[in-house]
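Quick mapping for you: the protein sequence lines, in order, are chains A and B.
Per our numbering, residue 1 is the first one in the first sequence, and the count goes up by one each step.
Per our numbering, residue 1 is the first one in the second sequence, and the count goes up by one each step.
None of these hints come from the bench; they were simulated from the model.
Keep in mind that a hint or two might mislead.
One copy or two, either will do: identical chains are not told apart, so a pair holds if it fits within one copy or between any two.
No more than 30 Å apart at the CA atoms, straight line, and that leaves these computed lysine-lysine pairs for DSSO-like [what the hints assert, rightly or not]:
#, residue 1, residue 2
1, 175, 59
2, 175, 224
3, 248, 175
4, 224, 59
5, 59, 248
6, 59, 264
7, 264, 231
2 protein chains.
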Amino acid sequence: MARIAVDALGGDRAPHEIVAGALDAAADGIEVILFGPAGTETRGLPLVETTGEIEMHEKPAEAVRAKPDSSLVAAHVAVAEGRADAVVSAGNTGAMLAAGLLHLRRVPGVLRPAIAVPIPTQRGPSVLLDSGANADARAEHLLQFAYMGAIFAQEILEIAQPEVRLLSIGEEPEKGNQLTLEAHALLAAASDLGFAGNAESRDLLAGAADVVVCDGFTGNVALKLLEGTIKTVLEALREEITSSPRGKLGGLFIRPAARHLRQKLDPDTYGGAYLLGLRGLSVIAHGNSSARAISNAIHLAARGVEHDVVGRLAARLPERRSSAAV
Amino acid sequence: MARIAVDALGGDRAPHEIVAGALDAAADGIEVILFGPAGTETRGLPLVETTGEIEMHEKPAEAVRAKPDSSLVAAHVAVAEGRADAVVSAGNTGAMLAAGLLHLRRVPGVLRPAIAVPIPTQRGPSVLLDSGANADARAEHLLQFAYMGAIFAQEILEIAQPEVRLLSIGEEPEKGNQLTLEAHALLAAASDLGFAGNAESRDLLAGAADVVVCDGFTGNVALKLLEGTIKTVLEALREEITSSPRGKLGGLFIRPAARHLRQKLDPDTYGGAYLLGLRGLSVIAHGNSSARAISNAIHLAARGVEHDVVGRLAARLPERRSSAAV
Numbered sequence: 001m002a003r004i005a006v007d008a009l010g011g012d013r014a015p016h017e018i019v020a021g022a023l024d025a026a027a028d029g030i031e032v033i034l035f036g037p038a039g040t041e042t043r044g045l046p047l048v049e050t051t052g053e054i055e056m057h058e059k060p061a062e063a064v065r066a067k068p069d070s071s072l073v074a075a076h077v078a079v080a081e082g083r084a085d086a087v088v089s090a091g092n093t094g095a096m097l098a099a100g101l102l103h104l105r106r107v108p109g110v111l112r113p114a115i116a117v118p119i120p121t122q123r124g125p126s127v128l129l130d131s132g133a134n135a136d137a138r139a140e141h142l143l144q145f146a147y148m149g150a151i152f153a154q155e156i157l158e159i160a161q162p163e164v165r166l167l168s169i170g171e172e173p174e175k176g177n178q179l180t181l182e183a184h185a186l187l188a189a190a191s192d193l194g195f196a197g198n199a200e201s202r203d204l205l206a207g208a209a210d211v212v213v214c215d216g217f218t219g220n221v222a223l224k225l226l227e228g229t230i231k232t233v234l235e236a237l238r239e240e241i242t243s244s245p246r247g248k249l250g251g252l253f254i255r256p257a258a259r260h261l262r263q264k265l266d267p268d269t270y271g272g273a274y275l276l277g278l279r280g281l282s283v284i285a286h287g288n289s290s291a292r293a294i295s296n297a298i299h300l301a302a303r304g305v306e307h308d309v310v311g312r313l314a315a316r317l318p319e320r321r322s323s324a325a326v
Numbered sequence: 001m002a003r004i005a006v007d008a009l010g011g012d013r014a015p016h017e018i019v020a021g022a023l024d025a026a027a028d029g030i031e032v033i034l035f036g037p038a039g040t041e042t043r044g045l046p047l048v049e050t051t052g053e054i055e056m057h058e059k060p061a062e063a064v065r066a067k068p069d070s071s072l073v074a075a076h077v078a079v080a081e082g083r084a085d086a087v088v089s090a091g092n093t094g095a096m097l098a099a100g101l102l103h104l105r106r107v108p109g110v111l112r113p114a115i116a117v118p119i120p121t122q123r124g125p126s127v128l129l130d131s132g133a134n135a136d137a138r139a140e141h142l143l144q145f146a147y148m149g150a151i152f153a154q155e156i157l158e159i160a161q162p163e164v165r166l167l168s169i170g171e172e173p174e175k176g177n178q179l180t181l182e183a184h185a186l187l188a189a190a191s192d193l194g195f196a197g198n199a200e201s202r203d204l205l206a207g208a209a210d211v212v213v214c215d216g217f218t219g220n221v222a223l224k225l226l227e228g229t230i231k232t233v234l235e236a237l238r239e240e241i242t243s244s245p246r247g248k249l250g251g252l253f254i255r256p257a258a259r260h261l262r263q264k265l266d267p268d269t270y271g272g273a274y275l276l277g278l279r280g281l282s283v284i285a286h287g288n289s290s291a292r293a294i295s296n297a298i299h300l301a302a303r304g305v306e307h308d309v310v311g312r313l314a315a316r317l318p319e320r321r322s323s324a325a326v
């Protein structure tokens, strides 16, 4: 049974929604260990008492070093020491990355960890990486992201032969910037990868590929644009509809359809993103996670433990790297 | 009266929709000159006969040099020689850039031209640049894009004091990649610019700023993601609605509201993007432009002529450049 270390202080709605989500996951048979200050209302779940908190505005690397007993860092240490199998937090993303690098450390051969975000597309789930761990990246990093994303797609999204594409500004191999042109060449040379060429951002939500690879700056811009645009379009539609009596009446009839669509496109569907490339499993939940998002993030972490995502990465990545043109 | 050279062969729906759009603009008093092969059905509009066509798949710089008599190139030459004031084409974007650089040439002091795309946001229009002319850019290019965008916002969007933001992955100045960190410093030092800090992509459609600055790779990814996501969300909603009798009934009632929203968010609202930084005015229309889009693009070009956008850029940019920390 997977043992998941959960940061009770992470996120805007901590600790209430975190504990509620943890209870929900525990009810499904996942062993949850909360990390938070003495007195946290855990509603029966085990608590490892911590002192200090890393806040959203803090400088990640400094905060992680300065606050080894904070809930976020202590949860990582528990994974590093084998007292838990994975860590989940809705806290400071940079601190998650810093704590992961410091305490979980990289899988040998991994140049850079990447944030892999599952996106519910019209065609089914796809994974976008890197979604923000590396604002600047080199082509060989993108090649590794592709392999890590493919393993994620196989083990977590259950896609047997994932199709991998490189996010660029045209489908033709010669379209792109210096980074994507170099990455395209490396990806095309990696014959065991399932690389199918470039993807255009316009197809991201429709389902451009099972694995979409890019640098962390581009991925973060794309992810936030996707989320913000879905939200703005649905809000604007609601405004248009409620601005006339006729529209209001129609709104009543389409409410179930609109709700269903919102659920389909909801980033909380998966609840979190994997930080891939570390020796321990780390799941980063949205800052404003609800109980449902936290429960889903814990399930996502447990699934990664059961499928031994870290072990598979460790076993396959270096071999694959050397077989490719690096 | 503005004289606009229109490439009758540009775009997927040429020449029919191009000519229809040109007629519509001409009816509003704009002098339109079509460029296309002998025998083009111009419905009374003047035609400059050309031979050859630059197609969408051709390599831009090569094609522009190899086909000086093509409709796209000849329309540029007409502007360069003073026989027209601006050029509009829905053809190959790269060829528009190449023909602009070769025949219109850069405004002295301009390092790189940029594609400025007006976006209809919830707060009103904003302009995103560069949207694809420079897949790789340096910080000093982004500084110039900011000035060019501000002039565009003043003259074309009629925003007296445009707010300028840099597209990045966090609002804090220290969030970003190497390029945006350097650009942020330059922009912050340009005290005459109206720079208000970083913008996040999640706010783009809601209206993050009057002018949003980025490199051409990021801008192109953002623009296509925005358009594709709006389209996919509205299509998915339609599918959800029409999958039940109840939803179908509601769909009838909300149809006017949905249509109004689509119009508000329609990229055809402006019909085209400016290629800024050249000595002549160039408007690039969408490849699949309808007559309405072409008419709007011609109006956009005429407006740029009337407001002497090129002259204002030429007069203000070098002075501003030297006053900033370049």
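Structure-based check of all given hints:
1. 175 - 59: between (36 Å within a copy, 11 Å between copies)
2. 175 - 224: both (23 Å within a copy, 14 Å between copies)
3. 248 - 175: neither (46 Å within a copy, 42 Å between copies)
4. 224 - 59: within (21 Å within a copy, 33 Å between copies)
5. 59 - 248: Neither, since 47 Å and 52 Å both go past 30 Å.
6. 59 - 264: Classified as neither; 35 Å inside a copy, 41 Å across copies.
7. 264 - 231: both (13 Å within a copy, 16 Å between copies)
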